[in-house]
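Those sequence lines, one after another, are chains A and B.
In terms of the numbering used here, the first sequence opens at residue 10 and continues consecutively.
In terms of the numbering used here, the second sequence opens at residue 10 and continues consecutively.
Heads up, some of the hints might be wrong.
Heads up, the list lumps identical chains together, so a pair's fine if it works in one copy or across two of them.
List time: in silico SDA-like cross-link candidates among lysine to any residue, alpha-carbon distance up to 20 Å [what the hints assert, rightly or not]: (1) 75 with 18; (2) 59 with 128; (3) 53 with 88; (4) 53 with 244; (5) 75 with 196.
In short, the hints are calculated from the structure, not lab data.
There are 2 protein chains.
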Amino acid sequence: MTTTPASRARVTLADIAQACDLSRATVSLVLRGSPLVHADTRAKVEAELKRQGYVYHRGAANLRRKVSSAVALVINDLSNPFFAEFAAGVDEALADAGYVTLLGSTGESVERQQAVIASLLEHDPAGIILSPAEGTDPSRLRSLLGTRTPMLVFNRELGSDWDYLALDNVRGARLATEHLLAQGHRRIAFFGGHLDSSSCRQRRDGYRAALADAGIAVQAQWQIECAPTRLEAARQTGALFVRDPAPTAAVCYNDAVALGLMAGLASRGRRAGHDFAVTGFDDIPEAAVSAPPLTTIAVDPRARGRQAAELILQRLHDPAAPAAATIAPAHLQLRASSQVTPNGDTA
Amino acid sequence: MTTTPASRARVTLADIAQACDLSRATVSLVLRGSPLVHADTRAKVEAELKRQGYVYHRGAANLRRKVSSAVALVINDLSNPFFAEFAAGVDEALADAGYVTLLGSTGESVERQQAVIASLLEHDPAGIILSPAEGTDPSRLRSLLGTRTPMLVFNRELGSDWDYLALDNVRGARLATEHLLAQGHRRIAFFGGHLDSSSCRQRRDGYRAALADAGIAVQAQWQIECAPTRLEAARQTGALFVRDPAPTAAVCYNDAVALGLMAGLASRGRRAGHDFAVTGFDDIPEAAVSAPPLTTIAVDPRARGRQAAELILQRLHDPAAPAAATIAPAHLQLRASSQVTPNGDTA
DNA sequence: CTGAAAGCGCTTACAG
DNA sequence: CTGAAAGCGCTTACAG
Chain A
10 MTTTPASRAR
20 VTLADIAQAC
30 DLSRATVSLV
40 LRGSPLVHAD
50 TRAKVEAELK
60 RQGYVYHRGA
70 ANLRRKVSSA
80 VALVINDLSN
90 PFFAEFAAGV
100 DEALADAGYV
110 TLLGSTGESV
120 ERQQAVIASL
130 LEHDPAGIIL
140 SPAEGTDPSR
150 LRSLLGTRTP
160 MLVFNRELGS
170 DWDYLALDNV
180 RGARLATEHL
190 LAQGHRRIAF
200 FGGHLDSSSC
210 RQRRDGYRAA
220 LADAGIAVQA
230 QWQIECAPTR
240 LEAARQTGAL
250 FVRDPAPTAA
260 VCYNDAVALG
270 LMAGLASRGR
280 RAGHDFAVTG
290 FDDIPEAAVS
300 APPLTTIAVD
310 PRARGRQAAE
320 LILQRLHDPA
330 APAAATIAPA
340 HLQLRASSQV
350 TPNGDTA
Chain B
10 MTTTPASRAR
20 VTLADIAQAC
30 DLSRATVSLV
40 LRGSPLVHAD
50 TRAKVEAELK
60 RQGYVYHRGA
70 ANLRRKVSSA
80 VALVINDLSN
90 PFFAEFAAGV
100 DEALADAGYV
110 TLLGSTGESV
120 ERQQAVIASL
130 LEHDPAGIIL
140 SPAEGTDPSR
150 LRSLLGTRTP
160 MLVFNRELGS
170 DWDYLALDNV
180 RGARLATEHL
190 LAQGHRRIAF
200 FGGHLDSSSC
210 RQRRDGYRAA
220 LADAGIAVQA
230 QWQIECAPTR
240 LEAARQTGAL
250 FVRDPAPTAA
260 VCYNDAVALG
270 LMAGLASRGR
280 RAGHDFAVTG
290 FDDIPEAAVS
300 APPLTTIAVD
310 PRARGRQAAE
320 LILQRLHDPA
330 APAAATIAPA
340 HLQLRASSQV
350 TPNGDTA
């Protein structure tokens, strides 16, 4: 009977032990660098490990030790560069800490999110980092998770008693709004996003606070809701101009919306940064190369990913500590799209 | 002694069996839907599973059954939207097939790639999908992998006897070049990328073939190498114009390079799509919103991800089949950046 | 239809 | 310094 290369049996501790005339226990000690074993024995074992191409079966070891070396990362939209950067940061920091990342993506579907998490739980992750799909029901999530597996929620608040890593949405939107006020704008819209999302509400709160500080009453027609995508934003552009006097600037929910609005403005014969001022939120790479380049709020998603990984690892270390909310900083990234006054002068 | 919620002991088959006054074997049969067990028994067990919040430990089952339900996905650059989309497609298709994705990212470092793969192998993946870091040494990779774990290589050829999923680089670059020729260009550069990368060589081959078919001899100064990043491309822009007559158009290695070149042109007082024609490769989302929008070669990275997942799953099914190379289609996505003639007329 | 026993690849007390 | 035995949570023949 011929054995194809790909089906060769696995080399185990027992094989090494037998070849070295030792017990599996001793080989196991070598593997984990125990100082107990004699230097000669160690050398003999290590040579044999290499010779036979042994690869450690961490799953078997974890089973015996009742530990896990995996963390699940559930992302709502990996095709969004913001979350892709976040995921890269998470994976980087987890790998450095000796953990492997179990990836799951939900495509913003709560049903898929339930299924994905259920499946990941069967692989016994030590913890979960979740960037929740829009419309996530915390109680359904809680009954799925139980209380054995700690979770860190990123970006969208879910309440319950999970750890939470947030962007400073209020402050970021306030910075954007204050910048437009400083350019002389008085009629400033808040454009895009859905108010049932906590991040959208927080950003709008920051916008409102800045206007209130400037003594400006927010007009209802300055609040335009739409799905946070480029396409929907482009479609909703007209809603800004149905009444006179129309806004001269818009604080957008995020960069995707801002880029869509810029496209929508162009198709109506207006130009962002020329006769209308626009700001975004996220600072995705496209923001720097759009026409004109987009003034936005930078939140460094890769650093947020590393931070999320560190927070969940900390939680594994101290399961009993009370759940904590962490607010990550945001800062204004100035570019041409907002460098224009209400009269069309370039600042 | 109080037990904190997070440290509650795991519910196992044995707990369920004991509560139902059955053997673990019977509960195991229920879990996997065996028709052998009596309907009443099944109902009783399922109620108890739910009551105790049992979660299946797939790792333990896999250990016993000597199977794996994980596939490792190693990505060189997750912050590149092209690879992020690819990863999303892989994860989607693997999840549908009941596999979990073990993520690893290398940041284009061959050293990190070795370390990441070594670590992932300890988690016993059934197979590996690798988007190799630049400069990967196939023989080092082979000695790391052994012959037990099948691998699918994406995007960059590594030789050896691994399965390989490629983009149709030759045809894509040919399409881009033929398009520029049709606009009337005769002096066309091939800009960016390193010739030690197989994808770069293939794209340049397609470019050369198109020029040869048009009876044009390629000039040495039309070949500008640089790292495939926006920044390096912007820095190298001047190299296009050191000799007269200078090229009037450039086929770029990829979109990042093309966007960098467009920025470099702008800073030299030239404008892509106005007095110089540019094409990219990949069709990343930024290509549609750049100024001007970038003509490029679309390869549908998400579909490529799904395809990669299907190929590796197929390989798991039939380990003995000969290694196969698969070429995925590429098509021209026409936009403004190339719609200009050598004389500056807009086509 | 259900159970007792062995075993997947590892680690952990406990002896010696 | 090294080994024999038990056990992590599951599944798989084999009995009955």
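Each hint tested on the structure:
1. Only between protomers do residue 75 and residue 18 lie at most 20 Å apart by alpha-carbon distance; the minimum there is 10 Å, versus 26 Å within a single protomer.
2. With identical chains, the CA atoms of residue 59 and residue 128 are at most 20 Å apart between copies only, with a shortest distance of 16 Å across copies and 35 Å within one.
3. Taking identical chains as interchangeable, the C-alpha atoms of residue 53 and residue 88 are never at most 20 Å apart, the minima being 49 Å within one chain and 44 Å between chains.
4. Proximity of residue 53 and residue 244 under a CA criterion of 20 Å is satisfied in neither setting, with 71 Å inside one chain copy and 54 Å between copies.
5. In this assembly of identical chains, the alpha carbons of residue 75 and residue 196 never lie at most 20 Å apart, being 60 Å within a copy and 66 Å across copies at closest.
Going down the numbered hints, you'll see the structure goes against 3, 4, 5, while the others check out.
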